[in-house]
Amino acid sequence: MTVSDVTASGTANRGGAQLPVVVRAENVSKRFVIRKEKSLKERIVNFGRSQKHKDDFWALRDVNFEITAGTTLGLVGANGSGKSTLLKVLGGIIEPNDGFVERRGRLAALLELGAGFHPDLTGRENVYLNSSILGLSRKQTDEYFQSIVDFSEIEAFIDTQVKFYSSGMYVRLAFAIAVHVDPDILLVDEVLAVGDEPFQEKCMAKIKEFQQEGRTIILVSHSASQVEDLCDRVLVLSHGNVVFDGGATDGIAALRESFDR
Amino acid sequence: MGSTEIPGNGHELASVAQQRAERLAELPFEVSVSAGPKSVGGFFASIREIAKHRELLDLLIRRELKSRYKDSTLGFLWSLIKPLVQLLIYYVFIGTVLGASRGVPDFAIFVFSGLTLWGLYAETISTGTASIISNGGLIKKVYLPREIFPLASTGSAIFNFLVQMVVLLLAIIVLGQFPVSWNLLYVPVAFVVVLIWGVTFAVVLSALNVFLRDIQYLVEVAMLLLFWASPIVYSWTLVVQSVKTHTWLLDVYLLNPISLAMLAFQRGLWQAGSQTRVLGDPGNLTVVPPVQWPANMDLLLVLATIAGLVALFFAQRIFSRLQGNFAQEI
Ligand SMILES: Nc1ncnc2c1ncn2[C@@H]1O[C@H](COP(=O)(O)OP(=O)(O)OP(=O)(O)O)[C@@H](O)[C@H]1O
Ligand SMILES: [Mg+2]
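In order, the protein sequence lines correspond to chains S and F. Straight run, no breaks: the first sequence in the working numbering ends on number 250. Straight run, no breaks: the second sequence in the working numbering ends on number 449.
It is worth saying that the hints were derived from the structure and are not from the lab. You may find that some hints are simply not true.
What the hints assert, rightly or not - Using C-beta positions, here's what the derived DEER-type ranges look like:
# : chain 1 : residue 1 : chain 2 : residue 2 : range
1 : S       : Glu15     : F       : Leu193    : 49 to 59 Å
2 : F       : Thr192    : S       : Phe248    : 53 to 63 Å
3 : F       : Leu146    : S       : Glu15     : 46 to 56 Å
Stated by the list, open to error - Once the Cα atoms are required to be at most 30 Å apart in a straight line, the calculated BS3-like pairs of lysine-lysine come out as:
#  : chain 1 : residue 1 : chain 2 : residue 2
4  : F       : Lys259    : S       : Lys195
5  : F       : Lys259    : S       : Lys197
6  : S       : Lys128    : S       : Lys152
7  : F       : Lys185    : S       : Lys152
8  : F       : Lys201    : S       : Lys152
9  : S       : Lys128    : F       : Lys171
10 : S       : Lys128    : F       : Lys185
11 : S       : Lys152    : F       : Lys259
12 : S       : Lys128    : F       : Lys259
13 : S       : Lys195    : S       : Lys128
14 : S       : Lys191    : F       : Lys259
Each residue gets a CB set at the ideal place from its N, CA and C atoms; glycine is no exception.
Please model the complete structure; the sequences and the hints are all you need to start from.
Structure representation (structure tokens):
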């Protein structure tokens, strides 16, 4: 109902003017070396051998795309296909071995199970820490603080150390912070699955609001219905390669196909 | 007609989106810093990046101090208790039992100033080395200049140093030994030398520690050894006496910038070292002449500072090469 209205009007608004590219990935490749020994003993014992036998594989291979402002991009693929890795490269958290990522505008990331919280600090202290990392001053955070807490609905626990939070509470706070720092680009990696139903609905509503405000959202999800509902473009990854880039409905079909490979 | 009324809200939103698009179109593209220039320019780019995150650094230092003693009752008093107990041990065992204090007037001031400066160095390096690993949670989730973590450890080490300095200065004043002299200028210089070298090692070791976790433990052992390589609980006079005619050994000894800084620090705060003092009980008096400070100490301090800055430059370059892989290795 309202969903299609929003998407329709959103696309219409965007249709007219030339929209700027906000994220560009060029030939991004990421290789992981699976070398398990981290201690001196293991290194010495396996010296020479480890050089020859060190396993490596490409988690991302020659990924190319551009995302224009206001797009909601769904990133889908089988487990281990490289979605989280790609999101981390986009967020600048890991460096690609080859190629590069360019982006502009403020970026907020919700990667695999929550933001970067410090377990020993309280929710309140973590809010300040995180918004400072995302580029807000203390004064700006003071202004947003109450609405972050209200959104997360964990007022009673805000002065508890986050190590005592449930995973849902953790995600609630992380999501609340991410959406209050006025990001131009929002990266979301499966985190919403942990929230309870009312909170998931609240997040969906927020994401739709973000879409209308022309923010760019990159969403990793295993829920086909969520992707179809939210995304206007889908990228399907399989073994580190982009195997499909296009509309949401076709994307889901391509995803199902990619499982068989 | 209708079209102007009904989408009123929609128009506003559309213009919000449009404004955003226009603003974004103006912005230059950014590539993450570590992928940027790999040369001298990269060093200054990193410094600028860190300067932009001043407020965050401040927050992290507070966090470090707070979380360290978070669940303890005495809280930050612990950061004082440890050096005071150390002082007591060295005073009683080295000073009195082993008799080191016989040749060192105001032995307590001497030892405590040494311990205070050493504490800054040791804490900067040991907590700094562990800093990237212990902040893994943040590093895996958000991008920020990672040098901030060893710097935050340094900040909290500086805080503890300042607390000890207050105690030291109070003790010096109470004992009536406040050195009103130009020698006091050696104190900030010694502080700067120790800081530069401490940060240098903290930065490079924190990065290496991600790939080889043994570094953390190696550092602890190395610090135990290095403690005895600087004149902290024994005096420079003793060093000069024990090398006898092989004076080149003194030059080797002073190659360690921390030993040099330690001497400068003592020269500034330990007034008795620069005076002729009479020690012992009546009937068994010994006259202790002033310490023969190294002749070219000022020049050596300048050189140690310059060498430290060069080392810091290379340390940051190494860090910057390695940091791209931090998130996946932690
Ligand atoms: N730090 C790392 N070191 C080594 N290999 C890694 C590392 N991180 C990810 N990988 C590997 O890279 C591949 C892609 O992982 P990634 O987390 O991107 O998958 P994903 O698409 O997010 O999967 P999922 O749907 O299960 O979340 C996997 O095979 C994984 O084992
Ligand atoms: Mg994943």
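Against the structure, the hints:
{"no.": "1", "hint": "S/Glu15 / F/Leu193: 49 to 59 Å", "verdict": "56 Å, holds"}
{"no.": "2", "hint": "F/Thr192 / S/Phe248: 53 to 63 Å", "verdict": "57 Å, holds"}
{"no.": "3", "hint": "F/Leu146 / S/Glu15: 46 to 56 Å", "verdict": "18 Å, violated"}
{"no.": "4", "hint": "F/Lys259 / S/Lys195", "verdict": "25 Å, holds"}
{"no.": "5", "hint": "F/Lys259 / S/Lys197", "verdict": "28 Å, holds"}
{"no.": "6", "hint": "S/Lys128 / S/Lys152", "verdict": "26 Å, holds"}
{"no.": "7", "hint": "F/Lys185 / S/Lys152", "verdict": "16 Å, holds"}
{"no.": "8", "hint": "F/Lys201 / S/Lys152", "verdict": "28 Å, holds"}
{"no.": "9", "hint": "S/Lys128 / F/Lys171", "verdict": "16 Å, holds"}
{"no.": "10", "hint": "S/Lys128 / F/Lys185", "verdict": "21 Å, holds"}
{"no.": "11", "hint": "S/Lys152 / F/Lys259", "verdict": "17 Å, holds"}
{"no.": "12", "hint": "S/Lys128 / F/Lys259", "verdict": "27 Å, holds"}
{"no.": "13", "hint": "S/Lys195 / S/Lys128", "verdict": "24 Å, holds"}
{"no.": "14", "hint": "S/Lys191 / F/Lys259", "verdict": "27 Å, holds"}
Checked against the numbered hints listed earlier, the structure breaks hint 3 alone; every other hint is satisfied.
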